[in-house]
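Trainee: Okay, here's what each chain looks like letter by letter:
There are 2 protein chains.
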Amino acid sequence: MSHFLFERHHNLLQQAVKACATRGYWSPFPEAPSPRAYGETANDDGKAAFEARLNRPFGLSQAATAGQVGKEVSPYGFELGITYPKPELDRLFAAMQPAAVGWRKAGPEAWVGVSLEILHRLNQRSFEMAYAVMHTTGQAFMMAFQAGGPHAQDRGLEAVAYAWEELRRIPNGAYWEKPQGKHDPIKMKKKYTIVPRGIGLVIGCCTFPTWNGYPGLFASLATGNAVVVKPHPGAILPLAITVEVAREVLLEAGFDPDVVTLASNDPSERMASTLALRPEVRLIDFTGSSQNGTWLERNAHQAQVFTEKAGVNQIIIDSTDDFKGMVRNIAFSLTLYSGQMCTAPQNIYIPKDGIVTPEGHFSFNQVAAAIGDSIVKLTADPAKAVEVLGAIQNVGVIERIEQARAIGKVVVDSQTLAHPQFPEARIRTPLLLKMNSVDESKIMQEFFGPISFAIATNDTAHSIAIAEKGVREHGALTLSAYSTNDAVLEQIQDAAERAGVALSINLTGAVFVNQSAAFSDYHGTGANPAANAALSDSAFVANRFRVVQSRTHV
Amino acid sequence: MSHFLFERHHNLLQQAVKACATRGYWSPFPEAPSPRAYGETANDDGKAAFEARLNRPFGLSQAATAGQVGKEVSPYGFELGITYPKPELDRLFAAMQPAAVGWRKAGPEAWVGVSLEILHRLNQRSFEMAYAVMHTTGQAFMMAFQAGGPHAQDRGLEAVAYAWEELRRIPNGAYWEKPQGKHDPIKMKKKYTIVPRGIGLVIGCCTFPTWNGYPGLFASLATGNAVVVKPHPGAILPLAITVEVAREVLLEAGFDPDVVTLASNDPSERMASTLALRPEVRLIDFTGSSQNGTWLERNAHQAQVFTEKAGVNQIIIDSTDDFKGMVRNIAFSLTLYSGQMCTAPQNIYIPKDGIVTPEGHFSFNQVAAAIGDSIVKLTADPAKAVEVLGAIQNVGVIERIEQARAIGKVVVDSQTLAHPQFPEARIRTPLLLKMNSVDESKIMQEFFGPISFAIATNDTAHSIAIAEKGVREHGALTLSAYSTNDAVLEQIQDAAERAGVALSINLTGAVFVNQSAAFSDYHGTGANPAANAALSDSAFVANRFRVVQSRTHV
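Sequences listed follow chains A and B, in order.
Positions 1 to 554 (UniProt numbering) are the ones given, in order, by the first sequence.
Positions 1 to 554 (UniProt numbering) are the ones given, in order, by the second sequence.
What the hints contain is simulated information worked out from the structure, not anything from laboratory work.
Be aware that a few hints might be false.
Subject to a maximum C-alpha distance of 16 Å in a straight line, what follows is the list of computed EDC-like cross-link-like pairs (lysine to aspartate or glutamate) [as the list claims (entries may be wrong)]:
#, chain 1, residue 1, chain 2, residue 2
1, B, K189, B, E177
2, A, K469, A, D439
3, A, K105, B, E490
4, B, K469, B, D494
5, A, K469, A, E446
6, A, K469, A, D494
7, A, K71, A, D266
8, A, K105, B, E497
9, B, K377, B, E387
10, B, K409, B, D439
11, B, K105, A, E497
12, A, K187, A, E177
13, B, K442, B, E473
14, B, K352, B, E473
15, A, K377, A, D413
16, B, K191, A, E490
17, A, K105, B, D494
18, A, K191, B, E497
19, A, K178, B, E31
20, B, K191, B, E177
21, B, K469, B, E424
22, B, K469, B, E446
23, A, K191, B, D494
24, A, K191, B, E490
25, B, K105, A, D494
26, B, K469, B, E497
27, B, K178, A, E31
28, A, K442, A, E473
29, B, K191, A, D494
30, B, K442, B, E402
31, B, K469, B, D439
32, B, K191, A, E446
33, B, K105, A, E490
Working from the sequences, and respecting the hints, build out all of it.
Mentor: Structure follows, in structure tokens:
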């Protein structure tokens, strides 16, 4: 059965491997939530499936449960009322042990075939997933569909493709014949068995539970490891559905479904740190705060730890040949999902003497004001605005907006909007502040949410220096730059390479610095404090398995 | 120049890449110290070059020196009298900074081309290196030549080949065109720049300074990192020559030679731990004690840490169809370089009721005695014995032999032999003890040196269980097994896979469990406490560099 699955998805795998190597645009999972791609009734069916989940226990066959947990609240203003099995950890790991043995022995084609089938079925569930992601993360429907569904599936597939590329490079065996001059050669046969590390732990976040969770989940699974998925207590449902699908495929393929399990907890409990120190856990994939990520890196010594943490994303404005396009693009980047993206910009560096554009010189204040105006325009119509803004995931973000106001001078204040469909939804427009000079003590911390700073620098060289230092010391997932001057762009490119951050140059159209496309954009570099790994590359997968060799004379 | 070097060695690189994938026998560097391979005068020249090094400062152009250090003593009984530049660390790293920038910008073909040229020139210096290795490690000449020269060069080349395989998979750029239905597609061009982690630190050992040092050195160098080589104070010369050659090649290729530097210290000073915590150091390759290796893993948070530490290597004897061959093979394994190999066996498990052989039943005592007799025979003629035994690297090993005597019943005692050529040489034959039952508190620590235990177990199942537990808890680089029973061999294979250790089966001829051949045998698995990495595989190289991308609209 599992061999059948490998054959079934072999063509997809080959395409994915090729896409990783060439890095042009490619996606096998349609990103448009259209009836043509997903079927006439897909939206209605997905919505109904989501609604059927509400106000009841989430059925999951897994062993070792000790009651039910779950207190998810939709950022659109209602309790989901879903409970999930709470695991008793000793028994959970005891149940996973024999499941992991069967999985280990199945070998690379089974691991990859099952992983690809899970992704295929997740794709079919993209509408249900979209509603689950929307009502846990607060993303607007379109983003919830795309980032929570096909784009997350792309990222999962990408990890499987990288895993396969490393797995297939290990031969099953070898014949070794060493010449001995006039004597007979020494002849040996060797066998190479790929063995997984053990159990992988995926620690999910509350904003992109699938997009950030799938790379680690599928990288571990496709390299033969059993996996415990530990969702953020605020966004359990998307990963619970994922685990449900994974278990269904495992069972059908003849495996013990406890190869993939869910470990849910209530917001009041701590579970991740306990799980992370279990001796059975040998791989950890974490998305969350710098504090927790750094703790894992320094304390979970028994495991390989892959972290995506916080950072301060920055934009350097030097000059532009499309002022309106630049301003609109930046404003949209700040507005999209209310800045609750790990890739959203925060610090915008503008020379204090202003910039040159085709429309003439714009002062620092004019540039800041233009970005502010563009935000206002984007969010003027609440019905349209909420489709970009989504809702605020948690009250912590609301509090952060309140606190941030004191830091600079308000260019555009954050507004509360009423959602036409969900009157209780937490909707906020972006807060844009300006600072007339660089004050590192204020700007070099992450203000996660719709909070950004227009910061006056001495000149572009100063902007570059501040940005490079910011990346090195505080981490960043993105750096964006606007300049018409090739020499300046070269300096910025150099700074990005030195500091180790992905750079977007002169984005004035339909691509935003927040966006990272699987198979083409590396998400994170692993070279600055915001993340110790990139999604995805060889380093993300190659150490999730080991090779045990045996040799004997022929 | 560096591009020329890449072209020059391109064919060698392609062969090495292929060898890593197919894992049959391959070596480009002749292992026989023969005039035909290395030239009529190669031995004399190498010896003269070594002797010319003695009793004077080692000339090295590197910056930031603060006096001279070095107190190496040949295990064959004379002081080398060589001193090396002692680095002033702040100045050393300051000097390496600009060197590292030039190296980073040179790119993968330059990194790999220069690395291959260094290996090529090291091969030409194999005789000089042999004497340097012999008179620091105590290895006999033949082993010093092979393991210190061509086999170490093989391991270095293997690391370069793996590095190249990962580097070449990153395209320089990509064209990304995303369809937009009826609208024009979005078109972007992307650039991917490979950037090194920073500075690599290689911490050498005193027994195989080049064999164990080259994989990390070349893996870091070939991925664009500058490297500080920190030899063990007891075996500086082999790595000093290596650094000298590397600097010579770098200079000729137009690079600042401070891309590769030497950091030597006297035995009374501590330097490795200070170097390891330098913020500039982002990669550490360590060979040495478990205590120091674990300390690095847990404290050098700023770096990727690759360790090879101590372990307890084990042999399971169940049955054999070649008793004499088995006994001779094991005795040789214990005698070779006086057991001072990280791969040398220590614990030999034999069922208390003995084993079945073609010559009939042999009791536990008879098996132990036969191994002992074989050791005696192998070491009976001092002139021949010293060519297998080599000398004892340091007095710590001598003391360990004395202490070990108390642990079990002596089967064969360790003898002091006189070296015919070097009267002051520290020569000891193996000590073989027997224990009539398993006492984990005694046998589950590494007795590095010519110390081994014949241990009576209840039966082979007990032997397997003890061996598996030993690997899991204490680590091992090798496991060896003798059985004529396929079902037993399958159980042992299973145990090896569960515990994560390389297995050799029924070695009765000219291959010994101690030996690990580049391009075919993975040295270490990275899956048990003896080592957190394998030499070499993708995981050993893939995280030594990162990718910085930039993107802009077309």
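Trainee: Indicate, hint by hint, whether the structure satisfies it.
Mentor: Hints versus structure:
Proposed proximity of K189/B and E177/B is supported: the alpha carbons are some 9 Å apart, at most 16 Å. Proposed proximity of K469/A and D439/A is supported: the alpha carbons are some 13 Å apart, at most 16 Å. Distance check on the hinted pair: K105/A and E490/B sit about 13 Å apart at the alpha-carbon level, within 16 Å; holds. Between the alpha carbons of K469/B and D494/B the distance comes to roughly 13 Å, so the proposed pair stays at or under 16 Å and holds.
Among the hinted pairs, K469/A with E446/A is consistent with the structure: their alpha-carbon atoms are about 15 Å apart, no more than 16 Å. The hinted pair formed by K469/A and D494/A meets the criterion: a straight-line CA distance of about 13 Å does not exceed 16 Å. A distance of roughly 6 Å separates the Cα atoms of K71/A and D266/A; the hinted pair therefore holds under the 16 Å criterion. With a C-alpha separation of about 10 Å, the suggested pairing of K105/A with E497/B holds against the 16 Å cut-off.
For the proposed pair K377/B and E387/B, the alpha carbon gap of about 14 Å is at most 16 Å, so the pair holds. Simply put, K409/B and D439/B have alpha-carbon atoms about 13 Å apart, close enough for the 16 Å limit, and the pair holds. Our distance criterion of 16 Å between C-alpha atoms is met by K105/B and E497/A, whose separation comes to about 10 Å. As the CA atoms of K187/A and E177/A are separated by approximately 4 Å, the hinted pair is consistent with the 16 Å bound.
Proximity of K442/B to E473/B is assessed by CA-CA distance (about 14 Å); at most 16 Å being required, the pair is judged to hold. Distance hint between K352/B and E473/B is unfulfilled; the C-alpha atoms sit about 24 Å from each other, more than 16 Å. Proximity of K377/A to D413/A is assessed by CA-CA distance (about 13 Å); at most 16 Å being required, the pair is judged to hold. The suggested pairing of K191/B with E490/A holds, with an alpha-carbon distance near 13 Å, which does not exceed 16 Å.
A C-alpha spacing of about 10 Å is found between K105/A and D494/B, which places the hinted pair at or below 16 Å, so the restraint holds. Of the pairs offered as hints, the one joining K191/A and E497/B holds, with about 11 Å between alpha carbons and a cut-off of 16 Å not exceeded. Proximity of K178/A to E31/B is assessed by CA-CA distance (about 12 Å); at most 16 Å being required, the pair is judged to hold. Taken as a hint, the K191/B and E177/B pair is honoured in the structure, with Cα atoms around 14 Å apart against an allowance of 16 Å.
Of the pairs offered as hints, the one joining K469/B and E424/B is violated, with about 41 Å between alpha carbons and a cut-off of 16 Å exceeded. Distance check on the hinted pair: K469/B and E446/B sit about 15 Å apart at the alpha-carbon level, within 16 Å; holds. Proximity of K191/A to D494/B is assessed by CA-CA distance (about 13 Å); at most 16 Å being required, the pair is judged to hold. Simply put, K191/A and E490/B have alpha-carbon atoms about 13 Å apart, close enough for the 16 Å limit, and the pair holds.
Simply put, K105/B and D494/A have alpha-carbon atoms about 10 Å apart, close enough for the 16 Å limit, and the pair holds. In summary, the hint linking K469/B to E497/B is supported, as the alpha carbons are separated by about 12 Å, within the 16 Å threshold. Restraint check: the Cα-Cα separation between K178/B and E31/A comes to about 12 Å, which is no more than 16 Å; the hinted pair holds. For the suggested pair K442/A and E473/A, the alpha carbons sit about 14 Å apart, so the restraint of at most 16 Å is met.
For the proposed pair K191/B and D494/A, the alpha carbon gap of about 13 Å is at most 16 Å, so the pair holds. With a C-alpha separation of about 15 Å, the suggested pair K442/B and E402/B falls inside the 16 Å cut-off, and the hint holds. Distance hint between K469/B and D439/B is fulfilled; the C-alpha atoms sit about 13 Å from each other, no more than 16 Å. Straight-line distance between C-alpha atoms of K191/B and E446/A comes to about 28 Å, which puts the hinted pair past the 16 Å bound.
Distance check on the hinted pair: K105/B and E490/A sit about 13 Å apart at the alpha-carbon level, within 16 Å; holds.
Violated hints, in rising order: 14, 21, 32; the structure is consistent with all others.
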